[in-house]
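*Asks:* Letter by letter, the chains look like this.
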Amino acid sequence: MAEISFPLPDLGEGLIEATVLEWLVAPGDQVERNQPMVEVETTKSAVELPSPQAGKVVRIHGEPGGTIAVGEPLIVFEVPDNTAGIVGTVPAEEAPRRRVRLSALPEDD
Amino acid sequence: MTAHSVPHSDGETGAGETGPSGKEPTGKELRALYQLMVAVRHLDTSAVAWQRQGLIPGYAPELGQEAAQVGSGYAVDLSRDFVFPTYREMGVARAMGVDMVGYMSTHKASWHGGLYDPVKSRLAPIQAVVAGSVLHAVGWAHGQKLSGLPAEKQGVAVSYFGDGASSQGDVHEAMNFAAVMKAPVVFFTQNNGWAISVPTERQVAGGSVAARAAGYGIPALQIDGNDVVAVVRAMRTALAHCRAGYGPMVIEAMTYRRGPHSTSDDPGRYRTLDSESADAGTDPILMLRDRLLAEGLADEAFFAAALESAKVEEEQVRAGVGALAARPGSEMFDFVFQESTPALTGQARRWREESEHV
Amino acid sequence: MSNSPIDQMDVHSSDLEAAQHNVDAAGDGAGAEGINQSPEIAAQPGHRTEIMSMQQALNLALREILGSDPKALVLGEDVGVLGGVFRITDGLQNEFGAERVFDTPLAESGILGMSVGLAMAGLHPIPEVQFDGFSYPAVNQIVCQLARMNYRSRGTLPMPVTLRVPSFGGIRAPELHGESLESLFAHVPGLKVVSPSSPHEAYHLLKYAASRPDPVVFMEPKSRYWQKGEVVFDDGISGSNGGSRSHGGASASTAVSSGATVASANLGSKVVRTGKHLTLIAWGAMVSRCLQVAELAAEDGIDIEVLDLRWLKPIDAEGLAASVGKTRRAVVVHEGPLTAGLGAEVAALATEHCFGSLKAPVERVTGFDVPYPSGDLEDEYIPNIDRILFGIQRVLEYRRG
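Order-wise, the sequence lines are chains A, B and C. This note's numbering applies: residue 1 is where the first sequence begins, and numbers increase by one. This note's numbering applies: residue 1 is where the second sequence begins, and numbers increase by one. This note's numbering applies: residue 1 is where the third sequence begins, and numbers increase by one.
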């Protein structure tokens, strides 16, 4: 598993930070792209930020009431090392299992 | 990224007769359409969650295409028409009343074509190949003319395909055949802006599938595919045109694939959230909701009840999908032919001996 | 040498070029024993190695091909911005630009037909058909155009096209995303067909295929994309060869010695496990399964050799005969259906070459004559360990008369 971190984006001209109002996702949650993720307040307005990524949330930064600077880490997702193709699954590597045993002994003449 | 254009009113771009004009959906129909769209959205977003939970290996979401799918499927006459889907037509299937467990079984990896009965449900098996079934619609439609049935019993074929599929040569062949033979086919294109990672402007020269119809002498409508009323109106117009013997018609419903191509796609690699919100147009469910409120056709209680009923339905479908066991391996052999061959029967026997009864 | 696969590989447009390659072929012939008897060149000192997945190995190979051959192009659906639906072309458009790595509209016939024209214009297209089953819409262009243009033009319009096809089953994908098309392609005159079984093979065979003047269908076993393995780099050879791909086919600038080394490493079959009682013949994803079976058979006292066929056209008849002639028993394993599958060709070749010494008819353990099934049933369809063991047992038990 790898991690992918997203910083607080620039929410408007000249704004350098935002205050976290409420997290709408928690570590461990599976979120979808574009799903409302966190509500933050800037000096201009309160906005709901959508998740830029589908995936499992590993960490969130900033308690409600806390301030995060633009460019600082906001949320971290877990990304599997083996991403499946556009369809299907990544086959699991399993220990070989057998039910059949070979009984014949080859005569090597 | 160039904005994906969503026209705000119907614009006819084709040539020739359009036949009788379509009917506006009634208030009662609008309420039914809303219930269907909410059911479809809830089932669709739930199916993505099922995949995350390991219930199904994959899914192709239709989020954002509810109006295009439900509106068009709703207008079909199940007593005589026949519908040819691709693999992203859950909303069409639901609007047609197809068994949703049977439909979703394709995503459970139970049976590629789905487990519903295509003949009874009037929905051809789920088609994994883009543009794979467009010519089938033409053949089925021409078959109606050869059937000897009285005109009022002859059906119309509805062919679903996307902006990406429109690049396939089969679509050209299908439109040309249908026009030459005056086959009763509605070519229903959902132009959802994206073919996996490739936007319409890099896919469809000229930007419009509907515009191509003129070259075949087929009338075409390019409509706001997020407006279910426009979709129903266009579909009823096209069906009436076909039933009147004027030949095929093209509808291009401009909509937007709000989700990924499939549950393992990562749209962040080819488009931004900003472009998504700029290009998606109006949410089709919100558009209908506003209309119902403005016309006094529904209230909050109705919307809440629709969602509640969608949740109940999803629970039932989920339980059904969860209960789907793998099909017996013998079915691999049973459905290859109507009349099996000795070689295949032998292979089935050996399969039983080696795989089933060790 | 008349049956040498290398001779079959080297069909050229002019006598001069043919003569050049016969020199290479002679060198290859001398090294043939090395191909079959020395499965791992990792043991050789001085070679750089790296652990990577087949995805990464293919990506690296494409990067090196594009870097060294200015005429090479990558085209297909979603290969550019997205980097391919299996990430095989990841990063290539950024590195080499959208003129050399580009997304096409969604039409496989168009991709292959356009590749034919690009090759006629002197370029070296490396088209991707996104999934095996999407080759079917392109069969017209592959069979009627790509495979015959060299012949039709009397060698004046060679087709140096490497068609990458994610192939075979095993990932619970939708319909027509799990097809085994090797017998279809191998049956078409004018096409060559190869399938790698490991990251090492993927890296080297793709680079080699892309350096050749003829069309090669490169069948990537998609169920093996993610498994990691050691890739051994023959530094100093691959680079020089990669840069020498020329339009006419013969690599005049390639030194005979290094060209021969590259060819001998990349042509023909490869023994990936030595044994004495029976040869399992496989390609693509079935090679690793056969290696597992060989381990299990060893527990029962049966010593199995595993031959990775690699080239499905031309088939390395000499390598096949060398292995089967030694073990005197053969089982060929493939995912595709039994009837008219490539296993029939392998069995015929083994029989032709080893009829006198074979102790049993060549057994085939394959997929069934049914459409590739949905995910829930694919483990019933793809040859599994037990079915391969049953096939081995039948061969071991066989008595003449």
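One thing to keep in mind: the hints can contain errors.
Straight-line alpha carbon distances no greater than 25 Å define the calculated SDA-like cross-link-like pairs of lysine to any residue that follow [claimed, not checked]: (1) B:120 to B:80; (2) C:326 to A:101; (3) A:56 to B:298; (4) C:228 to A:2; (5) A:56 to B:268; (6) B:28 to B:268.
Hints were generated in silico from the structure; no laboratory data involved.
*Asks:* Take the hints in turn and mark each one as holding or not.
*Replies:* Evaluation of the provided hints:
1. B:120 to B:80: holds (11 Å)
2. C:326 to A:101: holds (24 Å)
3. A:56 to B:298: violated (38 Å)
4. C:228 to A:2: holds (17 Å)
5. A:56 to B:268: Satisfied, since the Cα-Cα distance of roughly 15 Å is no more than 25 Å.
6. B:28 to B:268: This hinted pair is violated, its Cα atoms lying about 40 Å apart.
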